[in-house]
Amino acid sequence: MRRFFLFVLVLLTGRVIAQEATFSQKELQQDLDSLASALRELHPGLYRYQSPEQFDSTVQATRMALRENMPLRDAYAVFSQLVSGIRCGHTVIVPRTNWADTLSKASFYFPFQVFFVQGVPYLTFNRSANQEIRPGDKLLTINGRPVEDIRREIFRHLFSDGYNESLKYRQTHDYLFFYYYNCFIEQADSFHIQYENARKEIKTATVPALGMQEMARNVSANPVNRAFLKAIQHERPYTHELLLDKQKDVAIIFLRQFYGGRDGETARKALTHFMDDCIWKIKRRGISDVIIDMRYNPGGYDNQGQVLLSYFINEPVLYYNSMHTIMNSSPLLEHSSLSKEDLVMMRDNLVKQPDGTYRIPLSLNKTLDSVWPAANHFSGHVYFLVNGGTGSTAAEFTAVAQYLRVGQFIGEETAGNYTGGNGAEFVGLLLPHTRMHATIPLVYYENAVGTPQQKGRGTLPDYPDNYTIDEALSGRDTARELAYRLIEDQRAKAKE
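Sequence positions in the sequence shown follow mature numbering (1 follows the signal peptide of the UniProt record, and there is no 0) and run -18 to -1, 1 to 478.
Be aware that one or more of the hints could be misleading.
[Stated by the list, open to error] Cβ-Cβ distance ranges computed for the label pairs, FRET-style:
#1 GLN195 with PRO128: 25 to 33 Å
#2 PRO280 with ARG22: 23 to 31 Å
#3 ASP227 with THR40: 46 to 54 Å
#4 GLY193 with SER361: 51 to 59 Å
#5 PRO280 with LYS185: 36 to 44 Å
#6 SER6 with ARG387: 52 to 60 Å
#7 PRO414 with ARG199: 35 to 43 Å
#8 GLY193 with GLU130: 26 to 34 Å
#9 LYS230 with ASN347: 37 to 45 Å
#10 LYS185 with LYS230: 37 to 45 Å
#11 ASN347 with SER6: 41 to 49 Å
#12 SER6 with THR40: 19 to 27 Å
[As the list claims (entries may be wrong)] The list that follows gives simulated cross-link-like pairs (lysine-lysine, BS3-like), each with its CA atoms no further than 30 Å apart:
#13 LYS251 with LYS263
#14 LYS265 with LYS230
#15 LYS263 with LYS228
#16 LYS477 with LYS230
Calculated from the structure, these hints are not laboratory results. Ideal placement from N, C-alpha and C gives every residue a C-beta, glycine not left out.
Using the sequences plus the hints, can you model the full thing?
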């Protein structure tokens, strides 16, 4: 199972922030005022997890943290912590609009990939020249600081729904621990690390900070990585595909991403065509057990989750209870993803509510209607594989599907809040002095689900995938193995 990723520069979303630019305290305060004002005016979920008084207090604390001649890197750390506190995975601030530009030129990176298993940090890819530190060694400290302290500090700056940390772990160990360390911890010339090897020996080593190109060379050049690379590189990176396991008589539908398209209708048709073809082939073979692999699916158009659900229900159901905004017009909407025609429709058709919000009617958004079963729907047993990379539209789907009990969920907690998040349309805000770029969602979603036992969490798996570091390094797909065992158990019970 590919739990790890080799980095390709064009796929990364981060960069090391240049230290040249510094800003006066007054400039930073003006940027903060612009951001806070826009959030209060536009963000429908600003108070989903906090009160107005708590947000005002956070803004004031942010103001107190701003100082004279502050570098962009330090300012970004302050602003990102404010945005992270909103607890919305679709509310994001980045240091620059094109912030990946100088990633390849930086040379302050921690030259290891860090992977957390049950909260324990392990070293996986060794991007240094050191041949003593091996994939699977447990990382204890970096430059004298416990890794757990480092993780907690990094997480204070990352964006996710509610109190969910599964996405933050995925962001950290799958992609950018070395970037986040650089951005939020320190820019060091070298790293003195303490680690525990496979023989339970506590060791230390000092390695230099490296740039992206040198780290990329070391991944393949350092012999300690060979077994690990061999274990994970044989897998195909499935996106949308049907596999028929003839030996186990099980179908696997890979939906690692939803189909794109120029608009929602195009995307809906593409997914409908794919699912129709899959279900037809599954039925033709008489298969009654299907695994849907939605791990790392970051989402797509809202209606795609509804299309997928339609293949696993046998009566009409609601998918969303409601959607609302907190305004029907604003000068800031000129910087939104809405067209001029959309803005006019929004102004004229949103329904004002007694609490001052504006309900989105069915006439403006057809996804508020009931979802009907597909003519070619499936009536067998369904097992969904999910993890912390299952977000946005995919996480909405998992919430509604689990509430309706259309299948069993295996893996990790999903990234999106179970009861709903914020999204649909967005405003892009460029702060006047630092030019940091904030993205603010405009629509508050309420999924058609019950009240969860834990507020602000994602869809919790029925069967957690509690893999070990050795299983992860071996390339085993332990979540799929668990699904196979559940299928075998279900078949055995059916014979009793």
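Kindly indicate which numbered hints from before are broken by the structure, ordering the numbers from low to high. Hint check: nothing fails, all pass.
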